[in-house]
Every structure is written in structure tokens, then in C-alpha cells.
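Asker: In case you want the letters, here they are:
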Amino acid sequence: MPLLTRRNLLKTSIAGSLALPFVTRLALAQESLASEGVSDSQIVLGTSAAFSGPSRGLGIELYRGAQAYFAHINGQGGVRGREVVLKLYDDGYQPVPSVQNTMKLLLEDKVFALFGYVGTPTVTRVLPILKKFQQEDILLFFPFTGAQPQREPPYGEFAFNLRASYREETQGLVDNFLSVGRTRIAVFYQADAYGRSGWAGVRKALSAYGESIVGEATYKRGSRFSSSMRDQVEILKKSDPQAVICIGAYGACAAFLRDAVDAGLEIPIANLSFVGSENLLQLISEGTEASDRYSRHLVNSQVVPSYEDESIPVVKEYGELMRRYNPKVPGDLYQADYQPFDKSFVSLEGFVNAKLLVEILNRLGDAPSRERLEEAVFSIKDFDLGIGELISFSPERRQGMRRLYYTVVEEGRFIPLYDWSARFS
Amino acid sequence: MNIQRLFQRTLFGIFLLFGIIAVSTSWVCIATVDSQLSEEYVSNSKGIAKTIADASVDIILNRDLSALQSLIDQFLEIQGINYIYIVNEDGEFLAHTFVPGIPEEILSSDRAGTDSIERSFSDAENYIEVGSPILAGVAGSVYIGMDKSLISLKIQRAVGRQMYLISSIFIAGIFAAIWLVNLAAKPVSALLAYAVQLAQEQKGEQATQNPLLERDDEAGQLARLFLYFAKIVDPDRVEPQAAK
Numbered sequence: 001m002p003l004l005t006r007r008n009l010l011k012t013s014i015a016g017s018l019a020l021p022f023v024t025r026l027a028l029a030q031e032s033l034a035s036e037g038v039s040d041s042q043i044v045l046g047t048s049a050a051f052s053g054p055s056r057g058l059g060i061e062l063y064r065g066a067q068a069y070f071a072h073i074n075g076q077g078g079v080r081g082r083e084v085v086l087k088l089y090d091d092g093y094q095p096v097p098s099v100q101n102t103m104k105l106l107l108e109d110k111v112f113a114l115f116g117y118v119g120t121p122t123v124t125r126v127l128p129i130l131k132k133f134q135q136e137d138i139l140l141f142f143p144f145t146g147a148q149p150q151r152e153p154p155y156g157e158f159a160f161n162l163r164a165s166y167r168e169e170t171q172g173l174v175d176n177f178l179s180v181g182r183t184r185i186a187v188f189y190q191a192d193a194y195g196r197s198g199w200a201g202v203r204k205a206l207s208a209y210g211e212s213i214v215g216e217a218t219y220k221r222g223s224r225f226s227s228s229m230r231d232q233v234e235i236l237k238k239s240d241p242q243a244v245i246c247i248g249a250y251g252a253c254a255a256f257l258r259d260a261v262d263a264g265l266e267i268p269i270a271n272l273s274f275v276g277s278e279n280l281l282q283l284i285s286e287g288t289e290a291s292d293r294y295s296r297h298l299v300n301s302q303v304v305p306s307y308e309d310e311s312i313p314v315v316k317e318y319g320e321l322m323r324r325y326n327p328k329v330p331g332d333l334y335q336a337d338y339q340p341f342d343k344s345f346v347s348l349e350g351f352v353n354a355k356l357l358v359e360i361l362n363r364l365g366d367a368p369s370r371e372r373l374e375e376a377v378f379s380i381k382d383f384d385l386g387i388g389e390l391i392s393f394s395p396e397r398r399q400g401m402r403r404l405y406y407t408v409v410e411e412g413r414f415i416p417l418y419d420w421s422a423r424f425s
Numbered sequence: 426m427n428i429q430r431l432f433q434r435t436l437f438g439i440f441l442l443f444g445i446i447a448v449s450t451s452w453v454c455i456a457t458v459d460s461q462l463s464e465e466y467v468s469n470s471k472g473i474a475k476t477i478a479d480a481s482v483d484i485i486l487n488r489d490l491s492a493l494q495s496l497i498d499q500f501l502e503i504q505g506i507n508y509i510y511i512v513n514e515d516g517e518f519l520a521h522t523f524v525p526g527i528p529e530e531i532l533s534s535d536r537a538g539t540d541s542i543e544r545s546f547s548d549a550e551n552y553i554e555v556g557s558p559i560l561a562g563v564a565g566s567v568y569i570g571m572d573k574s575l576i577s578l579k580i581q582r583a584v585g586r587q588m589y590l591i592s593s594i595f596i597a598g599i600f601a602a603i604w605l606v607n608l609a610a611k612p613v614s615a616l617l618a619y620a621v622q623l624a625q626e627q628k629g630e631q632a633t634q635n636p637l638l639e640r641d642d643e644a645g646q647l648a649r650l651f652l653y654f655a656k657i658v659d660p661d662r663v664e665p666q667a668a669k
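Quick mapping for you: the protein sequence lines, in order, are chains R and P.
Read in this note's numbering, the first sequence has 385 at position 385, and its numbers run on one by one without any break.
Read in this note's numbering, the second sequence has 612 at position 187, and its numbers run on one by one without any break.
Since the hints were made in silico from the structure, they are not lab data.
Ideal Cβ positions, reconstructed from N, Cα and C, are used throughout, including at glycine.
A portion of the hints provided could be inaccurate.
Stated by the list, open to error - If you only want the chain R side, here are some residues facing chain P, beta carbon under 10 Å, derived:
#	residue
1	77
2	81
3	95
4	110
5	147
6	197
7	216
8	232
9	234
10	378
11	381
Unchecked claim - Computed from the model, here is a short list of chain P residues facing chain R with C-beta under 7 Å:
#	residue
12	489
13	492
14	494
15	495
16	501
17	504
18	505
19	516
20	524
21	528
22	530
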């Protein structure tokens, strides 16, 4: 037992003063890492999405797909020994709560990065916050929106996108409709930034052919399937369209399809990937024996392949992990009356997003830091995610995938559409 | 003399006076509030329109229209702003906030300038529409529709408060008038009764002992005057106590 002598005290104090800078530096490094949402055991990511309200299906399904992959990775020991944790907040697909949630995630929760946000009106309002906190190297990964603001200056440098853009989706729909002689195209859209983004895409695509939008009608964000869209149908009918492109969420788009067909507007009605195809189909099929009366007019563009096609490696993996983990939204965000889908386009997108993010986190090495996050993303070159499309990122290319898929409904299921002329000529 | 009629006339006069006051002050209030609020509305709207116009330049020239829509959606949260639309230099709509669609009244109007105008849609609401050019008009214009019903609501509130005050004063005035008329009517009634008593009594002592004769107001003087004339007519009457 060391005695409390003058010599021992001197030795201890010398050793202490030599070790102090190293101990302090280590403690500061630990604190710095913890303040960046990274600890020895966890990497914390922040999400604000719609877990309640008329578009909750989008947030819930996107989360479930992502969580299936994170659960799989965490079950295998996590990313280099760290569990990937999602800190979730509900914004109900409304801009103001999404801004408040983001501030909370950055200032209180101090998350490592933002991931899996849902919606254009929400994300466009969050982007300026990322610019404000650019010194903190906060990045937004793979939001569930194809809008342009997070793809171009001045905010493009703060986000990475995986999915194709609305501009590409609307371009594809216009190309295909015009290829089968349907040149009179009308637009039904949500009266906000999302709707405008899609409207601008259709306008741009048509102008390349010397055409313009023949009619347009809007609806208020948050409209439900129970809402009447007869006024909108009447407005569009006056322009005698040959096809309608809808830029909306499932509740309103299903209501529009119902009222359009009921009013005799029996023409192809297209939706973008954001719509939530399974939720839409479920709404128009509920309570009617002849759901085909409505669904046969549907054509939806998708940014991921069919979840039924298990010949695609990532789809097979998705199917297996969804069955194994069947993730549920955690306690306070759980919606008892919402029945999730076993598989959906939205949850497949969430799964693919999570898989690529894990790859990026893995490339950060044993001491992940926000500072090197962008560099890790740019190291992704011709990466095979198993989706049939090689993925690359660079300072000039901040969107991973561009491929589009088109689906129609047959026997109550979405199937790929390859021959437009056979279906819509 | 009919006291009831006198009372009715007084009340009628009070009603008339307060009616004139209420109508005239309300009219002045409506005119003042309407004109001031309208001016303030137009002035604020022009300021907002100019702010949007200035912020729109970069978006229209360099960015996606969803950013423009996001911008105007934020301004729509301001109380009183009912709609916003932005057109390019060719009059094509670039962004707007109308649901379920752009009203026919706007589609069919040939809006050239950015002066303030009044609009009325099929929803029976009235709007003040102001505009502001974007990049001196070469990149288009911003228009803002302010809901006039908000002005009407504020006028209603102002007039309501004023009417509440006038009604309170009116009710207090009625009670005061009843009390004052009663105060004046009591001696007149007593005088009337005394005159009748004088006329009925041939030779009575009671008429000369009435407390009315002791009053030093107009009622007392009239009572003494009646007694004096009664004595001229009938000298046998006894001298009043008060006159002794």
C-alpha cells in the first residue's frame, strides 16, 4: 500500500501532469463524437416524417422498409460494432412541424445525419436549416421526394438523393403518353411545392414536344379519400384531356380517380411514385366489388422495381428481411388503426435507402465523423446495390438512381407495364 | 294636463336623440375604419407583394418552380391574404394558391398593370388585389388577394363596441330620465290635485292647509296663486296657513 509521503505525492503529480493532456484530449474526442450522434455503441440518425394524418402510410412504410435492413445489420453487430439507431419524429406531412423536429434533432438529439424524410413541402422548408448549420456538416440522406430544391443550388450540396426525380418521372409519363398518341394531358396536383414540382415537370416535358398542359386542377394538402374531388373533375373535363397526371398523395388521388371515373372521365390516370400505390389501391378497392372499374385506368410510375420480382437480388433480400423482422413503428408513433402492407414500393425504397446508407457508414471506418461523410459518399462508384443499376456519386452527381418503372393493376395487384400502346392506345 | 303624454314625449325625445347619435357615429366609424383599414391593407399587401417579387427573381431565373410555390405558401399563412399568384411576362401562371383551380374571373381578365383592384369571385367574397412587378415587369408579376371580409369583420367589431357603449349610456339615460320625470311630475300631479280640490270645495279649511302651499318652488307659487284666485272668486275662504 503506497504511503502518503512527499516522494509519492511528487511522483503522482508528475505522472498526472504528463497524462492529463492525453486524458483530456481523449475525453474531448469522446465528447465530440457523442455530440455528433456517434458513440462507441451507436450511430444515431434523425428522421422527421408523416406517421399520422392522411399521408401516414408513406412515413410508416418508408420507415418499415429501412428498419428491416437496419435490424438485420444491427443483428449482425451493427456497422463496425455500432448499432444504427433511428430517432423518429412525426410531422404529419406538414412543413412547420418538420422544421421544429429538425431543430430538435440537430440541437437536442445531436444526430449524426438526417435520413428518410418524407415529402417536398417539408423538405423544402428544412433545407435552409441545413445551410444554416453547414459548419456542422449535417447532411440529409435519401429523402422520399423527387423535387428539385434538394437537387440543385443553393441547397443541393446539403442532400443526397437515391431515387429518380419528379422531373424524370413526369418526363417519362409524358414521353409514354405522347408515344401512344395521347397529347392532351391535364394535371391534377397538390396545391404546394410538391404539386408545383410535378406540374413544372409535366410543363417542361410537354414544351419539348411543342405541347402544353390542357387543364389543371388542385387540391389542398391533407385531403382524404372521403373528400369530394368533383369540382376538380369538372374543371379538367372542360379541357377534354386524353390523360391526367396526378401529383399527389394516395388519399386525394384515390378520391380523384373515383370521382373522375364516376363522372365518365374514363382515361388513363397516372400517378407519381410518391403517391403510395398500395395505399391508393386499397382505398379504391375497399367497399366495392368492382374495383377494377377504377383501377383499370391507373398507371403509376415507380422509382424501384416491382417487389414481386424476386429475380432482382435486392428485392429478394427485401422480401426475406421484411418477413423476418416485420418492423413496427415504435410506441408513441404507433397507429393502431393502420394496417401495414407486407410489401410495398415505398417500403422497398426505404429498404434500398437504408442499404446504401449502411454502405456509406461502413466506408467511414472505425471513427465515423460528419466531416468525412461527404467524402465517403463520393467514394461510391459503380456500386452494385443489387437493383440492376450501378450507383455512383460525385460532387456533380448527388442522385444515385435514374431508372423508372411503370405499373398497372391487374387482378388487384400492381404488375409491370412494358407495352403502353397495347394498354392505352 | 296629461302627465303620461309628457312622459312619453320625453322618452321619445331621448330615443330620437340616441338614435341620431348611434347612426351618425356608426356611419363615421364605418367610413373611418373602412378607409383606414383599406389603405393599410393595400399598403401592407403592396409591401408583401414587393417582398415576394424581389425574392422571386432568383427563383424564376435559376431554380425550380417548387421553390417559388414554397415561398408563396409561406406568405399565405399571413392573416388576410386569401390568394397569391405569379405570372410570367407572357401572363402564364407560374405558381398560385387557388383550390380547386384558378377562378374564371382571373383567367378571363386581361391584367396588364399592378394597380390595386377589387375582385369578386363566385364564392361571393370580395377581395382587394394588389400587384408588384418582378424585375421591373420583364420577369412577370406577383398578385396578392386580400380578403375584404376581414375588413368587414373589423368594422363590425368596432361598430359593435361603439353600439355597446351607446346602448349602455342609453339604458342609463332612460333610468335617469324616468327618475327625473318622476321628480318633476310629482309636484305637478299634486298641483293638479290641489286645483281640483279648490274647485270642488265650497268653503273648506283643507284647501288652506295643503303642504303644497309651503313649497318655495314653482308648484308652491302656482298653488298659492290658485288659492288667491279662489279667494277672489269666493272671499269666504280662509287665509292659507303659509300665507299668515
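Asker: Each hint needs a verdict: does it hold in this structure or not?
Answerer: Quick rundown of the hints versus the structure:
no., hint, result
1, 77, "41 Å, violated"
2, 81, "41 Å, violated"
3, 95, "8 Å, holds"
4, 110, "27 Å, violated"
5, 147, "5 Å, holds"
6, 197, "4 Å, holds"
7, 216, "7 Å, holds"
8, 232, "5 Å, holds"
9, 234, "9 Å, holds"
10, 378, "24 Å, violated"
11, 381, "28 Å, violated"
12, 489, "3 Å, holds"
13, 492, "5 Å, holds"
14, 494, "4 Å, holds"
15, 495, "4 Å, holds"
16, 501, "10 Å, violated"
17, 504, "16 Å, violated"
18, 505, "19 Å, violated"
19, 516, "13 Å, violated"
20, 524, "5 Å, holds"
21, 528, "11 Å, violated"
22, 530, "14 Å, violated"
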